[in-house]
Amino acid sequence: MSKFLTFGFCLFLLNGSYAVSAQTFIFDKLTTQNGLSNNKVNCIVQDRRGFIWFGTEDGLNRYDGKEMVIFRNRPEDNYGLSGNIITGLHLDQSDIMWIATADGGLTRYNYRLPYQQQFKRYRHLPHDSTSIPVNIINALIEDKQGYLWLATSGGGILRFNKHSEKFDKITYQGVKTALALTVRQDTIWAGMQGSGLLKIDTRTSHSISDANYKSAYLKLPHVVVTSLYTDQKNHVWYGSWDNILYRYHAEVKKEEKFPIIGAPTASFTDEATTFANDYQGNLWIGGRYEGLHIYNYRQNSFRHLGSDPQKAGSLIHNKVNCLYRDRDGIMWVGTDKGVSKYNPYQQQFTSQFLPVKSNATQPGRIFDFYVDAQETLWIGTSDGMFKKPKNAPGFEHIVLKYQGTELAVSKFHQSTNGDFYLGTNYSLFRFNPATHAINLLPDQAHDLVMSQIIASRIISLVDFKIHQQPILFAVPYGHYLSYYDYARQSWVSRADSARKIVTRLDLKDNLIRKLYKSRDGKLWMATAKNGLAELISLPYPHFIYYQNDPANFKSLSSDNVYDIAEDSRHNLWVSTYGGGLNYFERATQTFRHISESPNLLQGIAVDKKGKVWMVANGNLYGYDPAKKRFSSYHLLDVEDTGGLNGTIYQDAAGTIYVGSGHYFVQFKSEKIKDPMPPSKPVFTDFRIFNVNRNELLRQKAIKLNYNQNFFSLKFSSPNYLSPDNINYSYQLEGIDKNWHNVGSTNIAGYTNLPPGDYLFKVKANTGTASSSDQVSTIVITIVPPFWQVWWFYGLVIGFISLIIYSIYRYRIEQLLKRQAIRNKIAQDLHDSVGSTLSSISVYSQVAQIKNAAAEGPELNSLLTKISTISNEMISEMNDIVWAINPVNDGMDKIIGRIESFGRPLLRANNINFSINREDLPPTIDVGMEKSKDVYLILKEALTNCAKHAAAKNVELTLKLQHKHIVMQVKDDGRGLPTSPNLTPSLSGNGLRNIRNRVNNLKGQLKVTSGPTGTTLVIDFRIT
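Take the sequence shown: its letters are residues -22 to -1, 1 to 1001, numbered as in mature numbering (1 follows the signal peptide of the UniProt record, and there is no 0).
Hints are computed from structural coordinates only; laboratory data are not their basis. Keep in mind that a hint or two might mislead.
[To be verified] Straight-line alpha carbon distances no greater than 20 Å define the calculated PhoX-like cross-link-like pairs of lysine-lysine that follow: (1) Lys495 - Lys443; (2) Lys235 - Lys197; (3) Lys871 - Lys937; (4) Lys651 - Lys366; (5) Lys507 - Lys486; (6) Lys147 - Lys177; (7) Lys507 - Lys492; (8) Lys140 - Lys122; (9) Lys948 - Lys984; (10) Lys147 - Lys122; (11) Lys681 - Lys658; (12) Lys365 - Lys335; (13) Lys651 - Lys606; (14) Lys646 - Lys589; (15) Lys589 - Lys651; (16) Lys586 - Lys646; (17) Lys925 - Lys941; (18) Lys587 - Lys606; (19) Lys18 - Lys315; (20) Lys289 - Lys335; (21) Lys739 - Lys681; (22) Lys232 - Lys177; (23) Lys930 - Lys948; (24) Lys492 - Lys587.
[To be verified] Using C-beta positions, here's what the derived DEER-type ranges look like: (25) Arg276 - His548: 50 to 56 Å; (26) Asn56 - Ile778: 51 to 57 Å; (27) Thr566 - Thr729: 15 to 21 Å; (28) Gln151 - Gln71: 46 to 52 Å.
Quick caveat: nothing in here was measured; it's all calculated off a predicted structure. Think of the CB as a built atom: it goes at the ideal place given N, C-alpha and C, for glycine as much as any other residue.
From just these sequences and the hints, can you work out the full model?
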């Protein structure tokens, strides 16, 4: 609540001419049924956020006007309170709460910290001399320097430095149990148990006590001081076990006690336990035995307010433990049986209770009100009626009987001829206000309905004319309607078979709630099932109906009509039970539904300024058509009544009356101040996956990881003037397009939110949401994962581009390799086949010459050479075709082919051939190029062995060493000649060809030769 509004409300109270002696004090109550952890309330305080805190005998309670949040000490929890018996609460300048307990020492509470750090305990530890000396604290207070002062049992007075967290014992003579503290200027006043008052200078810690209290035999005042308070005039008040109220007068600097001599109204005979000033300047004093005492400084008088279990709205209990005035001027009274709340805002409305019969098993029910020309208030109830003349101090209960049966009075009616009628649960009576006599109307006994109404009562009466004949319409609920013909002095009802009014008037509903005559003489009827009806005179009197049409948004919102009222424009306000408030424009015969209205409306009334007052859900509402704004008014919550109900009555002076069970509320509508808007909502809870993370609420912006996108926010707008009427609306910008109007629900949850920046907004109102509502906001950022940020997209694009380029390069390289292979094959074919074909061509020409010369032997030699060369060419062609087949890239294929080639070749020369594979996997793939070179190297080596080595044995060994293939060809022949030019082979140039192919493999060739044989070792890498 803003300071401006609070100050304005204070002025309203101060200018409201409320005198303590005349003021009506009616209290709401809070008990364990409302969520309190324990009914014994020892201390109360309000924090800067607006929450009211109750320290009870069993835990600490935070209250926002509707919901209680309980904090307790639990042995298994190291993060809570230090104790459960709360004896004192204090909020310092940093809005940090200090909590005194009688069973656990001192606790510091800082809601801004993480959950595990919010509570810090200061408990007595037997082996730690720096800890608090005792755990029993009776009171605490803060001085101007920011030190906390603690009144303890057994540890005397302690001073606590909040910064160094050090406890200092105050040295003084006397008992070590202090019960109360107050601070006046630079002096701490302490109430001691057995030694009166102790005063301590806060600057020097020097103490002053009364030496007289050292003697236990002297009869002295206030030996045990149980309460202390410094009021707004700087007087110090204190209570004592001697049941005398004491005051140290600041001006005369003298102690006074009550009763004051010569002032009989200033009497006080209770033990004062607590004090507080209200906004009117009165001093509220809580008593240990007699409840509340309110002291008026100006009149020097007391008013006593005690508990009366038979009277609703009285103080909940007479043992008062604490008093507190909040920022809205509400007075909170903590007792042994709960909390009583006095709301000065409710004093705009006068609440009065009707007397309850001594033998009644339950209170009666109010049905109707009437104020006559003499301003006498008449109230019709289930227990007869009550009468209160103007300025009378109380009500007169009038019990009406007919034939020995007590009557319930359900409707008053002053007819145009001046007669006073009473509608009852028996029938309609003419009533004499002076003598209280009642009489049935003539001919009443002849009507089957009106002679004695069965299980019903008359709820509406209206004077009217049919065919210019004056009649009195009456509604016996459930029996359609009846009318009394004044001229004929007879009743006409549904039981009249000759008149047949149900058919003639077209009465579609037997449940008629009200008849209403507008200022132009038109008669309107509210029905429970058939909407609003209007009586038409021509061509004959009958009702026409205005009902709900789902296809027409300008029709009545619900057919269950409860009440009717007319505005200054002769249009009608229609309340419906289930469809809210409707405005009926008679000229266009269209309805406008007021969507902001509560659905379950009952009685309505329109005041002189056009404001519509209505009852719904047990509460009072107002609607200003000019501002199009709804307001809700929190009234006294009386147990077992269900709140306000029924119709609303407005007298000629504009006073409005609304009933609720056995009490009623009356008020002057023009004097009612609109409810103050609720305070700006505060965030009270933030959870990620239902784990408390309240410390994040300290930040202006909450930053979450991408996997923390499941969270909830709880919020509250503390309100104690109209706590039941707070409605919330919230929106998460970036997700929600519109505001969510969630009523009293004060939590919002979001799941699976995408990364981004969001702004959460929440506002509260007590009626219709408007642009002027205060909005609380908090920025929430969900950080995206690294794979969703721009630089990662850049890296991915670059990486994909690199892959595409690499694939492109690879394909180009493969194409180039293929082209190189083709070139190589072409070159090999050219070198091998071309040269061989050239040789064959030359030998063929020579053979022709030899043939022509008839040189037979030489011709045969030439033909043999041609055959040999041709075979070699075919072999080389086979080798080339075999090498370019990818199936033959594996070492097992190479070994198989070389074995197929070498074994027949060497066997033909009587050479033994063996192959030794040492740890060489058969699946090793060396590729086309290498497979060809490997095969040709081995082929060349074996061919040389067969032709030139003159060996008996040839051994081929293959092994794998560190990704290298090592091939060894070893024979036991005669070794190599000294000149390599002497050993050419037919298929190449011997070792030179082998060396060239080894170079192609990027390998190494080692040749060892001697008289005992030759060894070739070829080593190349396979990857």
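Hint-by-hint comparison with the structure:
1. Lys495 - Lys443: holds (11 Å)
2. Lys235 - Lys197: holds (16 Å)
3. Lys871 - Lys937: holds (15 Å)
4. Lys651 - Lys366: violated (27 Å)
5. Lys507 - Lys486: Roughly 9 Å between the alpha carbons, so the hint for Lys507 and Lys486 holds.
6. Lys147 - Lys177: holds (14 Å)
7. Lys507 - Lys492: With Cα atoms ~13 Å apart, Lys507 and Lys492 stay inside 20 Å; holds.
8. Lys140 - Lys122: Answer holds: Lys140 to Lys122 is near 13 Å, not above 20 Å.
9. Lys948 - Lys984: Holds, at about 12 Å.
10. Lys147 - Lys122: The hint holds at about 19 Å.
11. Lys681 - Lys658: violated (23 Å)
12. Lys365 - Lys335: OK: Lys365 and Lys335 at ~15 Å, within 20 Å.
13. Lys651 - Lys606: This hinted pair holds, its Cα atoms lying about 17 Å apart.
14. Lys646 - Lys589: Holds, at about 12 Å.
15. Lys589 - Lys651: holds (13 Å)
16. Lys586 - Lys646: holds (11 Å)
17. Lys925 - Lys941: Violated, at about 33 Å.
18. Lys587 - Lys606: Holds. Lys587 to Lys606 sits at ~14 Å (cutoff 20 Å).
19. Lys18 - Lys315: holds (6 Å)
20. Lys289 - Lys335: Holds: Lys289 and Lys335 sit about 13 Å apart, inside 20 Å.
21. Lys739 - Lys681: The hint holds at about 16 Å.
22. Lys232 - Lys177: The hint holds at about 15 Å.
23. Lys930 - Lys948: Holds: Lys930 and Lys948 sit about 11 Å apart, inside 20 Å.
24. Lys492 - Lys587: violated (24 Å)
25. Arg276 - His548: 50 to 56 Å: holds (51 Å)
26. Asn56 - Ile778: 51 to 57 Å: 54 Å Cβ-Cβ, so the 51 to 57 Å window holds.
27. Thr566 - Thr729: 15 to 21 Å: violated (48 Å)
28. Gln151 - Gln71: 46 to 52 Å: violated (34 Å)
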